[in-house]
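*Asks:* One letter stands for each residue in the lines below.
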Amino acid sequence: AQSVSQHNHHVILSEAASLELGCNYSYGGTVNLFWYVQYPGQHLQLLLKYFSGDPLVKGIKGFEAEFIKSKFSFNLRKPSVQWSDTAEYFCAVNALGGGADGLTFGKGTHLIIQP
Amino acid sequence: EPEVTQTPSHQVTQMGQEVILRCVPISNHLYFYWYRQILGQKVEFLVSFYNNEISEKSEIFDDQFSVERPDGSNFTLKIRSTKLEDSAMYFCAGGRASTDTQYFGPGTRLTVL
Numbered sequence: 002a003q004s005v006s007q008h009n010h011h012v013i014l015s016e017a018a019s020l021e022l023g024c025n026y027s028y029g030g031t032v033n034l035f036w037y038v039q040y041p042g043q044h045l046q047l048l049l050k051y052f053s054g055d056p057l058v059k060g061i062k063g064f065e066a067e068f069i070k071s072k073f074s075f076n077l078r079k080p081s082v083q084w085s086d087t088a089e090y091f092c093a094v095n096a097l098g099g100g101a102d103g104l105t106f107g108k109g110t111h112l113i114i115q116p
Numbered sequence: 061e062p063e064v065t066q067t068p069s070h071q072v073t074q075m076g077q078e079v080i081l082r083c084v085p086i087s088n089h090l091y092f093y094w095y096r097q098i099l100g101q102k103v104e105f106l107v108s109f110y111n112n113e114i115s116e117k118s119e120i121f122d123d124q125f126s127v128e129r130p131d132g133s134n135f136t137l138k139i140r141s142t143k144l145e146d147s148a149m150y151f152c153a154g155g156r157a158s159t160d161t162q163y164f165g166p167g168t169r170l171t172v173l
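Residue numbers (the numbering used here), protein chains in the order written: chain A, 2 to 116; chain B, 61 to 173.
In case anyone wonders, no lab produced these hints; they're calculated from the structure.
This one's a predicted model, so the numbers in the text were calculated from it and none came from an experiment.
Do not take every clue at face value.
Listed below are the simulated BS3-like cross-link pairs for lysine-lysine, each with C-alpha atoms no more than 25 Å apart in a straight line [what the hints assert, rightly or not]:
hint : chain 1 : residue 1 : chain 2 : residue 2
1    : B       : Lys117    : B       : Lys143
2    : B       : Lys117    : B       : Lys138
3    : B       : Lys138    : A       : Lys50
4    : B       : Lys138    : B       : Lys102
5    : A       : Lys59     : A       : Lys70
6    : A       : Lys50     : B       : Lys143
7    : B       : Lys102    : A       : Lys50
8    : B       : Lys143    : A       : Lys108
9    : A       : Lys70     : A       : Lys108
10   : A       : Lys59     : A       : Lys108
11   : A       : Lys72     : A       : Lys59
12   : B       : Lys117    : A       : Lys72
13   : A       : Lys70     : B       : Lys102
14   : A       : Lys108    : B       : Lys102
15   : A       : Lys50     : A       : Lys70
Which stretches of chain B does chain A cover? Using the computed rule of at least three CB atoms under 8 Å from a CB of chain A, they are [stated by the list, open to error]:
hint : stretch
16   : 83 to 97
17   : 115 to 124
18   : 139 to 148
19   : 154 to 162
For each residue, glycine too, the CB sits at the ideal point set by N, CA and C.
Next comes chain A alone, as it looks inside the complex (with noise of 0.2 Å):
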């Protein structure tokens, strides 16, 4: 079964702070990844995903993260981060053909912005 990790669970940063936020997963297949965010008080949105071709993906709000197949990762990045992306992150693989078409998720990031 495959299974997410976040290394992070609380990350709290200046704004205008540059934003790296882990994820690896563990299939030996194929995967589509997915980054969603939780506002305070929102349901779950999606901020970006990654099915096929170029590793690297953008997302909304200044988001882009990098899959790197040899190292199961896909790491959440933003160059400068906004107070308002003090949120929940939750880092989520659809394994295909793994048998189950629900996602798996990571136990989620907390991200603080201190203005």
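Take the given structure of chain A and dock chain B to it, following the hints.
*Replies:* Here is chain B on its own, set in the frame of chain A:
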């Protein structure tokens, strides 16, 4: 932009009672899902539903759980006899294909006393 809606936003129930959580997915979606998130833990997959039947379920989704799409719009999760450990946030999601992006509802917070 269409959104997934869920009702109620918060449900409080006594242990042993039945609860039904409701979801209205986006109209052109064909695949539907329930997830739960126990406080402080990760979002966990419960069940997927396609073509009016369960296509996949996790170990969590035991005989106490059931899903149905009674009228072509609502998608419900029923817990027959709630336990304290069923207290969690329950999210409904939908998508156009099984491997496509899943769009989530705002969740129902279930509290079992």
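*Asks:* Taking the hints in turn, state whether each one holds.
*Replies:* How the hints compare with the structure:
{"no.": "1", "hint": "B:Lys117 <-> B:Lys143", "in the structure": "holds, 19 Å"}
{"no.": "2", "hint": "B:Lys117 <-> B:Lys138", "in the structure": "holds, 14 Å"}
{"no.": "3", "hint": "B:Lys138 <-> A:Lys50", "in the structure": "violated, 31 Å"}
{"no.": "4", "hint": "B:Lys138 <-> B:Lys102", "in the structure": "holds, 21 Å"}
{"no.": "5", "hint": "A:Lys59 <-> A:Lys70", "in the structure": "holds, 17 Å"}
{"no.": "6", "hint": "A:Lys50 <-> B:Lys143", "in the structure": "violated, 36 Å"}
{"no.": "7", "hint": "B:Lys102 <-> A:Lys50", "in the structure": "holds, 19 Å"}
{"no.": "8", "hint": "B:Lys143 <-> A:Lys108", "in the structure": "holds, 23 Å"}
{"no.": "9", "hint": "A:Lys70 <-> A:Lys108", "in the structure": "holds, 21 Å"}
{"no.": "10", "hint": "A:Lys59 <-> A:Lys108", "in the structure": "holds, 22 Å"}
{"no.": "11", "hint": "A:Lys72 <-> A:Lys59", "in the structure": "holds, 20 Å"}
{"no.": "12", "hint": "B:Lys117 <-> A:Lys72", "in the structure": "violated, 29 Å"}
{"no.": "13", "hint": "A:Lys70 <-> B:Lys102", "in the structure": "holds, 24 Å"}
{"no.": "14", "hint": "A:Lys108 <-> B:Lys102", "in the structure": "holds, 4 Å"}
{"no.": "15", "hint": "A:Lys50 <-> A:Lys70", "in the structure": "holds, 15 Å"}
{"no.": "16", "hint": "83 to 97", "in the structure": "holds (count 3)"}
{"no.": "17", "hint": "115 to 124", "in the structure": "holds (count 3)"}
{"no.": "18", "hint": "139 to 148", "in the structure": "violated (count 0)"}
{"no.": "19", "hint": "154 to 162", "in the structure": "holds (count 4)"}
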